[in-house]
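Chains as they are written, first to last, in the working numbering: chain A, 1 to 112; chain B, 113 to 226.
Worth flagging that the hints you see were computed from the coordinates, not collected in a lab.
Yeah, the Cβ is synthetic: ideal placement off N, Cα and C, and Gly gets one too.
Worth double-checking, as some hints may not be accurate.
Among the chain B residues that face chain A by a calculated CB cut under 8 Å, a handful are [as the list claims (entries may be wrong)]: (1) Gln-153; (2) Gly-154; (3) Leu-155; (4) Phe-157; (5) Phe-177.
EDC-like, lysine to aspartate or glutamate: derived pairs with alpha carbons at most 20 Å apart [stated by the list, open to error]: (6) A:Lys-104 <-> B:Glu-197; (7) A:Lys-104 <-> B:Glu-214; (8) A:Lys-17 <-> A:Asp-84; (9) A:Lys-57 <-> B:Glu-214; (10) B:Lys-123 <-> B:Asp-136; (11) A:Lys-104 <-> B:Glu-156.
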Amino acid sequence: KNQVEQSPQSLIILEGKNCTLQCNYTVSPFSNLRWYKQDTGRGPVSLTIMTFSENTKSNGRYTATLDADTKQSSLHITASQLSDSASYICVVSSYGNNRLAFGKGNQVVVIP
Amino acid sequence: GAGVSQSPSNKVTEKGKDVELRCDPISGHTALYWYRQSLGQGLEFLIYFQGNSAPDKSGLPSDRFSAERTGGSVSTLTIQRTQQEDSAVYLCASSRPGTEYEQYFGPGTRLTVT
Chain A
1 KNQVEQSPQS LIILEGKNCT LQCNYTVSPF SNLRWYKQDT GRGPVSLTIM TFSENTKSNG
61 RYTATLDADT KQSSLHITAS QLSDSASYIC VVSSYGNNRL AFGKGNQVVV IP
Chain B
113 GAGVSQSPSN KVTEKGKDVE LRCDPISGHT ALYWYRQSLG QGLEFLIYFQ GNSAPDKSGL
173 PSDRFSAERT GGSVSTLTIQ RTQQEDSAVY LCASSRPGTE YEQYFGPGTR LTVT
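In isolation and in its complexed conformation, chain A is listed as follows:
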């Protein structure tokens, strides 16, 4: 079973609208959680990183939340733009483990 589950798998939204992507994880002991954005044909690029004590972190129109008790994170995209069309990957790291646990990604398509 994948240690990081993301939903929805894909979604289409109108330009200018908001959307929220979900990430649930079972990784333990938890170290930190990152959201990456991967444009088609490109490598993933880090958007945010959150540690155990952080509940929310923003990067421009992207806002990530973390609930370490329920092991859930979300990524909220505000006022979406066409350039937001990409795959958003939730990545969780564990103390003492050099391997990262990757979700399969949320595929977002923004249409005009």
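Fit chain B to the known structure of chain A by using the hints.
Then chain B, alone, in the frame of chain A:
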């Protein structure tokens, strides 16, 4: 360059041929990782280098896959006798000492086996 670079960006090869994929990590990054990303799937860990040694190569799917790293820098991933199921994007990432969670990814090599 400032980022992780990979070459080639695209590779089309015939089934049964060998291929070599190259990764040039960020200068000073001692850790290097290879991942495979198949269509619609998450990133699949292949191998991890710390310097020139590979303490974790458990993700390599078969003995047709091998990787090496020389001079603590450039790494090559070799796939022998390619099969169609090897078609995927192969991503390389690197990180600074002690920050394995902060991986910087290259653009990937898209491998197509016909």
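Hint check:
1. Annotation: Gln-153 (chain B) was flagged as interfacial toward chain A, and the flag holds, the nearest CB pair being 6 Å apart, inside 8 Å.
2. Given the 8 Å rule on beta carbons, the hint for Gly-154 (chain B) holds: about 4 Å separates it from the nearest Cβ of chain A.
3. Contact between Leu-155 (chain B) and chain A, as hinted, is supported at the beta carbon level, the nearest pair being about 4 Å apart and thus within 8 Å.
4. Interface restraint check: Phe-157 (chain B) against chain A, minimum CB-CB distance 6 Å, threshold 8 Å, status holds.
5. Taking 8 Å as the C-beta cut-off, the interface hint given for Phe-177 (chain B) is violated, the closest approach to chain A being about 17 Å.
6. Using a Cα cut-off of 20 Å, the hinted pair Lys-104 (chain A) and Glu-197 (chain B) holds, with the two alpha carbons roughly 19 Å apart.
7. Straight-line distance between C-alpha atoms of Lys-104 (chain A) and Glu-214 (chain B) comes to about 18 Å, which keeps the hinted pair within the 20 Å bound.
8. Restraint check for Lys-17 (chain A) and Asp-84 (chain A): the C-alpha separation of about 11 Å stays at or below 20 Å, so the hint holds.
9. At roughly 16 Å between alpha-carbon atoms, Lys-57 (chain A) and Glu-214 (chain B) fall within 20 Å of each other, so this suggested pair holds.
10. Between Lys-123 (chain B) and Asp-136 (chain B) the CA atoms are separated by roughly 17 Å; this keeps the pair inside 20 Å, and the hint holds.
11. At roughly 10 Å between alpha-carbon atoms, Lys-104 (chain A) and Glu-156 (chain B) fall within 20 Å of each other, so this suggested pair holds.
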